[in-house]
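Chain order of the listed sequences is E and V.
FYI, numbering that gives the first Met the number 0 numbers position 213 of the first sequence as 212, with every residue one higher than the one before it.
FYI, numbering that gives the first Met the number 0 numbers position 220 of the second sequence as 219, with every residue one higher than the one before it.
Read the hints as simulated data drawn from the structure, not as lab findings.
Among the hints, erroneous ones may be present.
Stretches of chain E that chain V covers, calculated by requiring three or more beta carbons in the stretch to come under 8 Å of a beta carbon on chain V [unchecked claim]:
id, region
1, 187-193
2, 201-213
Here are the simulated lysine to aspartate or glutamate pairs, EDC-like style, with alpha carbons at most 20 Å apart [to be verified]:
id, chain 1, residue 1, chain 2, residue 2
3, E, K20, E, E141
4, E, K161, E, E272
5, V, K20, E, E272
6, E, K20, V, D62
7, E, K161, E, E132
8, V, K20, E, D62
9, E, K20, V, E63
Just so it is clear, the structure is predicted and the values come from calculations on it, not from any experiment.
Positions of the beta carbon are idealized from the N, C-alpha and C atoms, including for glycine.
There are 2 protein chains.
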Amino acid sequence: MCGAGSLFFGQLGDWTWEAVKAASGTNVYAARSADGHPTYLSFYYFRVRGSRQVHPYGIGFGDEFDVTSRVFDFGPQSVMTLHRLSRPGTFGPEEVLDPRELHEERREDCLYVENYNRWISRSHPDSNTGLVEASPAGFRHEHLPRLPQEYSPRGSCGRARKTGTFHEHGIPGHTAAQPYTTTYTLDRVRDLNGAGLMYFASYFSIVDTALLRQWRSLHRDPAAFSTRTVLDHRMGYFGNADADAELTLTVTLWRSDTVPGEEIAEVSVRESESGRLLAVCSVQQLVEES
Amino acid sequence: MCGAGSLFFGQLGDWTWEAVKAASGTNVYAARSADGHPTYLSFYYFRVRGSRQVHPYGIGFGDEFDVTSRVFDFGPQSVMTLHRLSRPGTFGPEEVLDPRELHEERREDCLYVENYNRWISRSHPDSNTGLVEASPAGFRHEHLPRLPQEYSPRGSCGRARKTGTFHEHGIPGHTAAQPYTTTYTLDRVRDLNGAGLMYFASYFSIVDTALLRQWRSLHRDPAAFSTRTVLDHRMGYFGNADADAELTLTVTLWRSDTVPGEEIAEVSVRESESGRLLAVCSVQQLVEES
Chain E
0 MCGAGSLFFG QLGDWTWEAV KAASGTNVYA ARSADGHPTY LSFYYFRVRG SRQVHPYGIG
60 FGDEFDVTSR VFDFGPQSVM TLHRLSRPGT FGPEEVLDPR ELHEERREDC LYVENYNRWI
120 SRSHPDSNTG LVEASPAGFR HEHLPRLPQE YSPRGSCGRA RKTGTFHEHG IPGHTAAQPY
180 TTTYTLDRVR DLNGAGLMYF ASYFSIVDTA LLRQWRSLHR DPAAFSTRTV LDHRMGYFGN
240 ADADAELTLT VTLWRSDTVP GEEIAEVSVR ESESGRLLAV CSVQQLVEES
Chain V
0 MCGAGSLFFG QLGDWTWEAV KAASGTNVYA ARSADGHPTY LSFYYFRVRG SRQVHPYGIG
60 FGDEFDVTSR VFDFGPQSVM TLHRLSRPGT FGPEEVLDPR ELHEERREDC LYVENYNRWI
120 SRSHPDSNTG LVEASPAGFR HEHLPRLPQE YSPRGSCGRA RKTGTFHEHG IPGHTAAQPY
180 TTTYTLDRVR DLNGAGLMYF ASYFSIVDTA LLRQWRSLHR DPAAFSTRTV LDHRMGYFGN
240 ADADAELTLT VTLWRSDTVP GEEIAEVSVR ESESGRLLAV CSVQQLVEES
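This is chain E alone, in the form it adopts within the complex:
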């Protein structure tokens, strides 16, 4: 559940489902709406913030962490989950994770995860387009703590969904290169989950496919792609698609004007035929300049 692939993100998301199940009294694996239709706890926003010390692609076999999770009330159709991964024994078992730590007082020796999930349902049984908001019967959320408004990702997600970027006004101190575009065919062998929807961790693999192709186009060493340090990884999930759909992946690379090797790569994922936005991903990374 680690390495250069998306397995670690898959594990983080699985912890979110477990945490929501425990906190809400709803079996997220078998949830249904009041009228009996399956409802899925889909990922809408997935952010992982680390440091040079701890980051998603730097974890290896045998690394051990304490995982502290907390689930917040985000209304009847959504839920917000935070995780902190810390070295064993760093915190006592009674210490509650304060969202303030995640947003304003991050530690260098911890990894922080935000998962904003929305309950959805298919509007057509055999299609992954036209997913609609839903709420499962018996989903308890009113008793959960409220996330302070200033820490809500709703605003930034809404803008990214509308504009296709998390950086509509540019990134201070960074200069963008010409966008790089490639296509990808959604793979039924790799990219679907047990409900036939796009698997949430596959979005990370699809984005990485685009980033690696762009990396090669810059004549960078492919091996160095797997050892880059990812400080901040943000994924907004805005749509789903069916197997064999062709996707258009556009990478915009923002290089730091002052810090060598520091860059932010943004990838937008669209269904080629319709132009529908499926995801926007922003990755802040440190690369070895050769």
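Could you slot chain V onto chain E? The hints should help.
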């Protein structure tokens, strides 16, 4: 951890690592040889047997199973693990899994898994070729039960490794079609684990990629690929490779002479440049004939 992809096989293998850790007193995630080199509990043979009722690609969100596991002594450099997945409450918690059930008295409502793992180590730190047998310091195995000789997969694995097939003498009642060949580039975004070796579940995805391409070449409906019933899935892992290696995948399809829709597809995976055999996979499946 279910669906048309390899996630379920990944989960099964993770259970094997957990079971071996519990049974042997060796932390398989951080094992090292006496001279301090990392040793990995690699998969050498992975077999999953199901039925029309329960099979690997037929499991969906919310399905629940009891998992009964048992680890057997297979010498200082190997270990054998069996799992049975049964519907909750089918067996009492005190009932021990008898290998005889797996081989001679399989139930239609259970799924059976054999994992034969071997401890390996790299002979060159930056290469996935030239892996050698190893044994971690402190690996306890003598106290484990012995697997009856007639249930050992050593013989069939050795022959498949030597001949490149599990079916060197053909398959009674089945007729082989002309082999289908395709190539695949080993993907650092998808196919490597946290130690930089080929991820065991990726072998399943690579084989499925070959099977799906062959499926399309027969003008079969791609959607039906995801809903086929897999009764018996056997993978022999005989080699590893580095990212970006080109692999040659050869599919031989054996159709039943008497049972419509019953077929056995065998895939051999070789490194194109060297011809080295990396894996052999035999899949017995039921397909809807349209």
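A quick look at each hint next to the structure:
Beta-carbon proximity to chain V at under 8 Å applies to 7 residues in the region 187-193 of chain E; the threshold of 3 is reached and the given coverage holds. Residue count for the region 201-213 of chain E with a Cβ under 8 Å from a Cβ of chain V: 4. That meets the three needed, and the coverage hint holds. Between E:K20 and E:E141 the alpha-carbon distance is near 15 Å, which keeps this suggested pair within the 20 Å criterion. Straight-line distance between C-alpha atoms of E:K161 and E:E272 comes to about 19 Å, which keeps the hinted pair within the 20 Å bound.
Of the supplied pair hints, the one linking V:K20 and E:E272 is violated, its CA atoms being roughly 49 Å apart against a limit of 20 Å. A C-alpha spacing of about 15 Å is found between E:K20 and V:D62, which places the hinted pair at or below 20 Å, so the restraint holds. Proximity of E:K161 to E:E132 is assessed by CA-CA distance (about 18 Å); at most 20 Å being required, the pair is judged to hold. This hinted pair checks out: V:K20 and E:D62 have alpha carbons roughly 15 Å apart, not beyond 20 Å.
This hinted pair checks out: E:K20 and V:E63 have alpha carbons roughly 15 Å apart, not beyond 20 Å.
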